[in-house]
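Line by line, the protein sequences are chains L and F. Letter by letter, the first sequence follows residues 1 to 836 of the numbering used here. Letter by letter, the second sequence follows residues 1 to 118 of the numbering used here.
It should be emphasised that the hints constitute simulated quantities derived from the structure, not laboratory data. Wrong hints could be hidden among the right ones.
[Unchecked claim] Facing chain L, according to a computed beta carbon distance under 8 angstroms, are these residues of chain F, among others: (1) LYS19; (2) THR30; (3) LYS32; (4) SER41; (5) SER43; (6) GLY49; (7) SER52; (8) LYS54; (9) GLY76.
[Said to hold, decoys possible] Here are some chain F residues the structure puts well away from chain L; computed CB gaps all over 12 angstroms: (10) ASP61; (11) THR63; (12) ARG65; (13) PRO66; (14) PRO67; (15) ASP84.
Predicted model only: the values in this text are computed from it and were never measured. In this text, a Cβ means the ideal position worked out from N, Cα and C, and glycines have one as well.
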Amino acid sequence: MAKAAIADRSVKEFEEKQEWWWAAEKKRSSRLDYLRKAIWKKGAIGGLYAPGVKTDLERAVLQTQKARELEFSPDPYVIKFAKMLAHVLDNKSIFITDHAQLVGYTGSLPHTIAWDPSCASILNEEVYNDPTAIPDPAEKSQQIIRDVNNYWIGKSDLDKMMPIFDMEDLMKMLSGSIGWGVPLARGGYSSKDYEYIMTGKRAFQAIIDELSQKIDEADEQTHAPGATPDTTRMYDKINNWEAMKITLEAGIRIAKRYARLAGIMAEHFEEDTIRREELLKIAETCERVPAYPPRTLQESLQYDIFIQMMSRTEAIEGAWPSRPDYYHGPYYNKDVNIDKSLTKEEAIDLLGEFLIRAAEVCQFKPKWSREGLQGIDGTWVWTIGGVDKDGRDACNDMTIALMQAARLVRVANPTFGFRWHPKVKDEVMREIFECLRQGLGYPNLRHDPILIANTMHWYGHPIEEARLWCNQACLSPCPPTKHGFQPMRMANATANCAKIIEYVMTNGYDPVVNMQVGAETGDVTSFKNFEEFFEAWEKQMKTIFSILVRAVNRARTLAPNLTPRPYLSALSERSIESGMDTLTPSLERGNAWITAFTWVENIDSLAAVKKLVFEDKKYTMAELKNAIDKNWEGYEQMRLDFVRNAPKWGNDDNYVDDIMVRCLKAAAKFSKELKCPSGNNWPILPENVSGNIHYANIVGALPNGRRLGDALYDGGISPGPGLDKKGPTAVLKSCGKINHITDGRAFLLNQRLSPSQLAGEKGYQLWKAYMRTWADLELDHIQFNVVDDSTLRAAQKDPEKYQEVIVRVAGYSAHFVDISRKTQDNIIQRTVQGLG
Amino acid sequence: MSRREEKRKAYAGILMPQKHESNAAPPKKTDKLCGTCTNYSESSWSSDGRGSCKYLKLGSDITQRPPVYVFEGKEGYLTRTLADASTCEHYQKMKMIDKDGYECSDPTFRRSIRQFQE
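Just chain L, same shape as in the assembly (with noise of 0.2 angstroms):
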């Protein structure tokens, strides 16, 4: 829209008209305007970075000159790891955006996104054949792209892993038809252990003393008199000691550089007073932090964000876990309403900023992951709210002001997971409410007490720590403490699920990529009852799941030695403690789960063969056999029978609902046969992101009626779009009868509403009232999209103009226009549900 006409509407007139985005534009102040509009978009579009974002050369270029220079040096490789990482910090561009008062970015510019050269060959040669993000010169980039390939075969995290997996499993990963994601150590969702750094008792200096301490006692005991097997492992525990403290100190000396920065454009350089001023105050606040424990929110902000930063320099990170308010609150309390140092508009000034630092965060991921995950870089689902380890209500004033600075900033990422139970306030609620109601999408609801209750269950946290969950990835709790955190959630594991009843219709046989993936479970069309049929399930669902899981525990168990991660260590207790790197198994008490894509369609399938193949006999198992297996082409009637006349998920119908059950009780009893490197179980958690459009053209044709190359439901426990006939109360219901604790890990829920229906405090109580039905049938998760299909059908036709439209898409938001037209119509094919 011209900027004459956004300037002569007034927001009230933004706000009838249900044009939040304008709304927000008038509404915020005109550093966060500017902010919010110097970003780069940074996730792909569809599978394709946007126009203009370009791959960042630098950082691989240092980082394969240093590993060079190291070669033949005689350091172990944590140190050298821990030296490449050091040149990186020390030697990358730095910038401060104009107008900012928060630094820091994974690239050297910010239109770039940084690649890292280290973690594997594969995703080399993604850069390498992606021409839309290599920078120009392309020439010059692409000798340059080839010289640190060449280094890197061979010598990559995965390239070293490959060959001490099993072959076969291998193979059948890298098919790309059962799993989406690495098992590396350095490729996924760290959690991290905020409890130890997060908390204001300790920062990076005191960490770096504590470890000098330590190497000097140990390199005493090593030199005492005497020789047992705990001096030999004394020499390993000093080696990583000594990792670590490398890292720190490098992550002190780059904010240091930032300081020096903000100082010589502040000395010399800015004109403007205030702004001077605001450059000094970078200067102060980048000297203090990571180096010592913030004393003011820009502090606590800014050391968040370093922290974040560093961790995207050691390793490709898919998801940002974060409980802002719970750790940040304290500071937000003490600047705006004890020292009165920010006034309120100030402080969610700086949150806003704060949310669009996140939002440009941006590394080189494969086109499986941006297919994935269309329009972000990966899963920032901060945790708010919630209850603290004593089960207080953890609510503060900055769980407000964060949902007001994301109503001003709309970003789609980070977004956030809200941790709901009984005490939360109505002023809270309203909050929440106001932002869905502006078409947000976020926040998603969670039900604290059956989440604290579930992680209890699957994995023995006790319940002081339980109470202090945050995301690790999209909706997985996980305690951000001492040993309860887990280091890496490796992607790997999760599984494309409809491949499960596929595998039941060919025996095993990937018709796709042409590979016995599967078990041999025989031929479907010997089945003589669904009891045969149904065991057929359970063994492929079975194969399915160990392949991935054997992987990541293997990758889990090789990686402390083959890939270790010393700067994630150096913040985790458990490795200054112990001198073990933090990803040791045995430090942990695990918290692995299996991500379930594309799962309903297994029990649509299931129901369809069980009504219309063994009960009503309407058609032989041959027929439907052969019906897949020409993908229904000519078999149309036949298909559309399988869509409307099987009895489908989320319509509250014991038929459908209880084969739901049945296989999640399946899948939670094999999930404890399945045991992690620590010990602990494998549960699963149904959720799709975008894997359902990305595995749209992987999965067959199934007996639910779905073709090859049509979208897969939106995922979790979500009904298929359009199917849910019965409305928003017989699908709370159908998923009430799943038990959120003890059938998995959790269970992500999509629902559409209808923004003219949550107008005004009627359309709040509407929606409280529905909450209510939720929180009593004590489901884990539910999501909106509160976006009408005629604001989603003007987007596709004049994107342009609805730049700033969000939709939920599972587990993420994502701006409408960034995602690909098949996504965009799979949203718009969801029902919309009307609530009272």
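Based on these hints, arrange chain F on the given structure of chain L.
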């Protein structure tokens, strides 16, 4: 040879990316690439150019002279998008399409190569 050894041998060539010749002349152009053949299926896990043949089975080798064709077995012959298929007698060129590169719902296994001009 044990079953494991057989598999390891068959998969060996496909596991690691090949080194680039930094200053070499561009590879000889051929209009017959595995990636442009209807029998080729791209690996859905990675876009680094790996894939398999739906027609030839594991054990085939079209880089040999004469090419080795195996039609028995379940698992497809592992090859690469840019592998030279000029000597493969079973090569069948696919149709190119005109499609937005930002859309990831390509009907035939997301093969970006289908968007190349003829």
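How the hints compare with the structure:
1. LYS19: Since the shortest Cβ distance to chain L is 5 angstroms, the answer is holds.
2. THR30: At about 18 angstroms, which exceeds the 8 angstroms cut-off, the nearest Cβ of chain L leaves the hint on THR30 (chain F) violated.
3. LYS32: 20 angstroms, violated
4. SER41: 6 angstroms, holds
5. SER43: 5 angstroms, holds
6. GLY49: Holds - the Cβ of GLY49 (chain F) comes within 8 angstroms of chain L, reaching about 7 angstroms at its closest.
7. SER52: 5 angstroms, holds
8. LYS54: 5 angstroms, holds
9. GLY76: Hint holds; GLY76 (chain F) Cβ to chain L Cβ min 3 angstroms, cut 8 angstroms.
10. ASP61: Non-interface label on ASP61 (chain F) holds, nearest chain L Cβ at 16 angstroms vs cutoff 12 angstroms.
11. THR63: With a cut-off of 12 angstroms, THR63 (chain F) remains clear of chain L, as the shortest Cβ separation is near 19 angstroms.
12. ARG65: 25 angstroms, holds
13. PRO66: 23 angstroms, holds
14. PRO67: 18 angstroms, holds
15. ASP84: 17 angstroms, holds
In this structure, the earlier hints numbered 2, 3 are contradicted, and the remaining ones agree with it.
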